[in-house]
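Turn these sequences into a full structure, and let the hints steer you where they fit.
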Amino acid sequence: MFTQFSPNMLKTYELCPKKFYLKYVKNISMPVNDDIFEFGKNIHALASYYLRGENIDKMENSLTERERLVWEYLKAIKYFSYEVVNTEYNLAVKLGETFFGGRLDALVKKDGEYFILDYKTGSAPKNAKFDFQTMIYILAVRAFFKTDKVNFVYIDLKNREEVKISCTPETVQEYEKRLLQTVEKINTEEVPEKKKDCRCEYLCVCH
1193 MFTQFSPNML KTYELCPKKF YLKYVKNISM PVNDDIFEFG KNIHALASYY LRGENIDKME
1253 NSLTERERLV WEYLKAIKYF SYEVVNTEYN LAVKLGETFF GGRLDALVKK DGEYFILDYK
1313 TGSAPKNAKF DFQTMIYILA VRAFFKTDKV NFVYIDLKNR EEVKISCTPE TVQEYEKRLL
1373 QTVEKINTEE VPEKKKDCRC EYLCVCH
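1193 is the number of the first residue of the sequence shown in the numbering used here; add one for each residue after it.
Everything hinted at is true.
Pairs of lysine-lysine residues, derived as DSS-like cross-links and limited to a Cα-Cα distance of at most 27 Å, are as follows:
#1 1338 with 1302
#2 1377 with 1215
#3 1341 with 1312
#4 1267 with 1250
#5 1210 with 1377
#6 1286 with 1377
#7 1218 with 1386
#8 1210 with 1286
#9 1377 with 1318
#10 1318 with 1369
#11 1312 with 1356
DEER-style ranges, computed between Cβ atoms:
#12 1388 with 1219: 23 to 33 Å
#13 1286 with 1321: 17 to 27 Å
#14 1391 with 1361: 33 to 43 Å
#15 1390 with 1314: 11 to 21 Å
Note that these hints are calculated values from the structure, not bench results. Every value quoted in this text rests on a predicted model; they were computed, and no experiment measured them. Every residue gets a Cβ at the ideal spot worked out from N, C-alpha and C, and that includes glycine.
Put into structure tokens, the structure is as follows:
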């Protein structure tokens, strides 16, 4: 069994247990779209250096037109004026005997309230309130900083929208329950059946 579950691991399992098995149990890697990956990586790196107060003049001068338009929008959001706690930040929380965690794009703070920022070069998740990223990161920040004043903000760079989810006692209980229930379903000793409608990148090795 795994020592820690990330949001991507749980999302993958929910989409297709067979894909989870191939990717995380058998450690089979498949090619990804390099253009999409590089675009997202460049924006995330630029945001991280900027929030840390580093000189990004050379990076800005090398941006493509597409990257420049996205970066100008991101740089102007109100959260980038808040106090920076950390960027590209690894954080985890323990529920029962299981750890859940991952890397936050950025964590900022204003008037004692924490805001987890997540940049999406695609769209924000449809059910953002109960996305695994939302649940894990809110619980992790809440536990580490010992405060209920925690918010998760999806910054949808594609549609130029923001989706904010705030921590409440009710959501905390629901998040803990959902995470533990998902993990209970995962059995790495058995080879699961793939979902009939799954047409992911593992199709060519999925039997």
